[in-house]
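These protein sequence lines map, in sequence, to chains B and A. Just so we're aligned: the first sequence equals residues 1 to 140 in our numbering. Just so we're aligned: the second sequence equals residues 141 to 221 in our numbering.
To be clear, the hints were calculated from the coordinates, so they are not data collected in a lab. For clarity, every value in this text was computed on a predicted model and none was experimentally measured. Incorrect hints may have been included.
As the list claims (entries may be wrong) - Computed, partial: chain B to chain A, Cβ under 10 Å:
#	residue
1	Q13
2	R73
3	P121
4	Y128
5	D130
6	W134
Note that CB positions come from ideal geometry on N, CA and C, so glycine has one too.
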Amino acid sequence: MQENVALSAVPIQLSGIFESVRDPGAGGIDIFLGTTRKTSGGKEVIALEYEAYEPMALQKFHELAAEASGKWRLRKVTIVHRTGRVAVGDISVAIAVAAVHRAEAFEACRWLIDGLKKYAPIWKKELYRDGSEWVDGFTG
Amino acid sequence: MTVRVRLFANLREAAGTAECEVETGSAGDVGRLLDLLCADYPMLMPHRNYLRVAVNRVYARPETLLHEGDEVALIPPTSGG
Numbered sequence: 001m002q003e004n005v006a007l008s009a010v011p012i013q014l015s016g017i018f019e020s021v022r023d024p025g026a027g028g029i030d031i032f033l034g035t036t037r038k039t040s041g042g043k044e045v046i047a048l049e050y051e052a053y054e055p056m057a058l059q060k061f062h063e064l065a066a067e068a069s070g071k072w073r074l075r076k077v078t079i080v081h082r083t084g085r086v087a088v089g090d091i092s093v094a095i096a097v098a099a100v101h102r103a104e105a106f107e108a109c110r111w112l113i114d115g116l117k118k119y120a121p122i123w124k125k126e127l128y129r130d131g132s133e134w135v136d137g138f139t140g
Numbered sequence: 141m142t143v144r145v146r147l148f149a150n151l152r153e154a155a156g157t158a159e160c161e162v163e164t165g166s167a168g169d170v171g172r173l174l175d176l177l178c179a180d181y182p183m184l185m186p187h188r189n190y191l192r193v194a195v196n197r198v199y200a201r202p203e204t205l206l207h208e209g210d211e212v213a214l215i216p217p218t219s220g221g
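In isolation and in its complexed conformation, chain B is listed as follows:
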């Protein structure tokens, strides 16, 4: 299994995510994109700001990819998460899995995003017109 994990301070490009996992041995590729929502708890969000404990976040991405490859027959895994300011509607996280068969790609992709949200030391702050607030865990 080949892995590609990163934190990115610049917008995530879908074409690059796809290219990073395309593989002649794969029968299916699943790509999950997390995107930033405009409303949260009735408030209008104008942008989000992501902060990461970068070396540990990258280590967690690597551990998650390695564990997933022990559970499913995966060819390639990419995990990229944004840092810094992300505009509403933009991609905050991308997870791509190329697997031998599609069922494994679906399952691994879901498992990876759930694990990332639980274990990766990354936080988001919602910015409103009249203030800001750190999002309090696991709500996504």
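Using the hints, position chain A against chain B.
Chain A in isolation, oriented as in the chain B frame:
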């Protein structure tokens, strides 16, 4: 023994610093370090029961022993994704 402590997100803002050094005495574990930190930064106290602690980038427990030069991170509930 001195350890380096890193703070993130709401904890960084509450404490007013991203990083500090803490002298834990001759021996110490994560629980003892949190006692000392909450004494130095009382604004961390309300968060104490909700945070996880990582020692050298690995999640630790209150009884995890610390060593000179360890990097300890206070990890509030994560909200990536």
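Each hint tested on the structure:
no. : hint : result
1   : Q13  : violated, 19 Å
2   : R73  : violated, 25 Å
3   : P121 : holds, 5 Å
4   : Y128 : violated, 16 Å
5   : D130 : violated, 18 Å
6   : W134 : holds, 4 Å
In this structure, the hints that do not hold are numbers 1, 2, 4, 5, in rising order.
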